[in-house]
Amino acid sequence: MLRTIKPKNARSKRALQAREPKEVEGPRTAIFVRGTHAGDKVQNAMKELMALKRPHAISFSKKNAVRPFEDTSSLEFWAQKNDASLFVVGQSTKKRPGGMTFVRMFDNRVFDMLEVGIEDFVSMQEFKTPKSTPGHKPLMHFASELFTTHPRLVQLKSFLLSFFNGEEIDGIHLAGLGHVVSVTLGPTPPSLSSTTSATATLGAITGDVQPQGEALPKVHIRSYTIRLLASGTRVPRVELTPMGPSLDLVLRRHQDADPELLKQALRRPKLKKQDVEKGLGKKQKNLEVDEMGDLRGKIHVAKQNLGKLQTRKMKGLKSSKEESVDVDEDDEDDEGVYADAGRKRRRTE
Amino acid sequence: MDVSEILAEHARKQQAITVEKEIPLEVDAGFLTVTDTNPIDEESYKVNLEEYIQSTARDGVQVLISALFSLPTVPSPDGPLAQLPPPTTQLPRAKSLPKPKPLSKWEQFAKAKGISHRKKDRKVWDEEKQQWVNRWGWKGTNKAGEEQWLTEVPQNADIDHDPAKKAREERKARVSKNEKQHEKNMLRAQRAQGSSSAPTDQRKREIDRTLATTRVSTASMGRFDKKLEGEKKLKGVKRKFEAAEVSADTEKLQNMSILSKLDREPATKKAKGGDGVLNVRKAVRAASKGKGSAALAKESGGKKGKKVKR
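Those protein sequences? They're chains A and B, same order as listed.
If you count by full-length UniProt numbering, then the first sequence holds residues 1 to 349, one letter each, in order.
If you count by full-length UniProt numbering, then the second sequence holds residues 1 to 310, one letter each, in order.
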């Protein structure tokens, strides 16, 4: 545990302030950690992922004895020291060859982990094509129905999103969109497809279903540069050119987020008043912006009671004096009844 | 006039940029992300993997680009910026939400009274010098009274009346008052957060403990002492016993903790830095006459040097 530092000058104070939690967070910094035995394939893959992640990437290129699934203390230390919240740990063993572990942190603690094995890796250099500019935001493309249904793949999608694109921005220069990271799954095995989910659960009960890791399809990560061609309309036509790196991954071990931590991590800042007025957050009823950009409201008025409407006052329409005197002279007990009657009369009018 | 040609042209153009899928793609423009939930076509996947992936990716990107190009834009010096909507996907944060800063006493008061904060400018306009000067700090206007070459002295002034000194003292008093208030605010904030490490709380605990000790420090252990009004009865420490039956895990943990303690080198021994027979630190102190090991090493080295000279 690091001791808390009290800044001694303005520069270190600013540096510490930059590390403090913010309401709207910037991009996450990733640390690429080389394990004790990484191997060529894993090292190259990490290098190229780092090239995509730059400038928010730090490389730990010396050998590090870390086992994220057994001991997370050094990851937590590094996260605090470098103000990083993502880790990619490359470690190749006999049991799990070509392994890469993605670790996400929350408040310098491990949030969740995901281990993948690299089946196939093609480097950027093998594609003799133009490359993207470092520091540009990539587009992301996910293709498979499992990305919305299967928890492991929902986690993978969330992971890759926060790895490449996890920063909320309010505007983007469209000419700067240069490359896309595409994540495609292999064909969904019948045990996981929604049509046969009933049989799958039945199989799970009887216990004759494959282990989950086996059943999950392969993950193909590809990156392409985008060419925007004139189509004659405002929207250009898109052509893709493979840029590399391309990775074929299998999912291995994983560790889900602690539910308490997840709740904390998903907390949103309270919206500012002007944002709420703009229509963010809660859905606004009866408000709309018309074509001219003016805010238009719709007001619902209760049904009008025309009987109560005050029209021209005339002597003839006035209730006679005697009647009112009668009411006044009545007993207290009766008064209530009269008053009730009066109210009823008004209602029926 | 025949417009069919124009219509056909338009349709052709549209065709180039539209993508038809069974299930429409989900676009999250805030994160520049598109998700294609259509099932993977197994046949073309097996026949030519790369081509299949590229074609699905192209379709997805086309949909995303169309969505992005239809967003409203604002001009900027670098070109038009597309205004992105807030993302629909929820991603976990990297750090917890910042806690609201605790209000100072003045801020609390101002809030209750509805006084709004008005920020003072750092610089003020000096009519005499005809330029902007600092309100405080280097050549600050708050030091104006201390730098006058001529000051009016009141009739009833003391003989050692020094207007510059007086102004300076007043200013210093204001500064120290502000510092004190700031300190108090920090303390209040610390206490409000619930941490009992605030200095005053610590002091209070210390006093309580001392009082408790003195109360039982008479010959009768406080039995025949005069009781003050409202004095509470002293509570001793109650002995606590472990449950007779504990789960196997806790029992194992307890025993393991004892074993690990036995295994460890005792702290006192470690500090002495020896194997118990010889206290090295003490020996060094004695040999160097209290000057330390560095002096001892220097001395012996010096002697050697002399020998070589001879």
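In short, the hints are calculated from the structure, not lab data.
It is possible that some hints are incorrect.
Under the rule of at most 16 Å between Cα atoms (straight-line distance), these lysine to aspartate or glutamate pairs were calculated in the EDC-like manner [said to hold, decoys possible]:
#  : chain 1 : residue 1 : chain 2 : residue 2
1  : A       : K63       : A       : D40
2  : B       : K129      : B       : E147
3  : B       : K95       : A       : E288
4  : B       : K143      : B       : D126
5  : B       : K95       : A       : E239
6  : A       : K41       : A       : D248
7  : B       : K99       : A       : E23
8  : A       : K218      : B       : E146
9  : B       : K101      : A       : E168
10 : B       : K95       : A       : D40
11 : A       : K298      : A       : E288
12 : A       : K218      : A       : D107
13 : B       : K165      : B       : E179
14 : B       : K95       : A       : E20
15 : B       : K99       : A       : D71
16 : B       : K21       : A       : D40
17 : A       : K218      : A       : E119
18 : A       : K218      : B       : D126
19 : B       : K95       : A       : E48
20 : B       : K143      : B       : E170
21 : A       : K218      : B       : E170
22 : B       : K184      : B       : E265
23 : B       : K46       : A       : D248
24 : A       : K131      : A       : E48
25 : B       : K95       : A       : D107
26 : B       : K143      : B       : E169
27 : B       : K95       : A       : E168
28 : B       : K95       : A       : D120
29 : A       : K6        : A       : E20
30 : B       : K99       : A       : E25
31 : B       : K252      : B       : E265
32 : B       : K166      : B       : E179
33 : B       : K139      : B       : D126
34 : B       : K95       : A       : D83
35 : B       : K95       : A       : E76
36 : B       : K99       : A       : E20
37 : B       : K101      : A       : E48
38 : B       : K166      : B       : E152
39 : B       : K184      : B       : E169
Structure-inconsistent hints, enumerated in ascending order: Hints 3, 5, 8, 9, 10, 12, 13, 15, 16, 18, 19, 21, 22, 28, 31, 32, 37 and 39 are the ones this structure does not satisfy, whereas the remaining hints hold.
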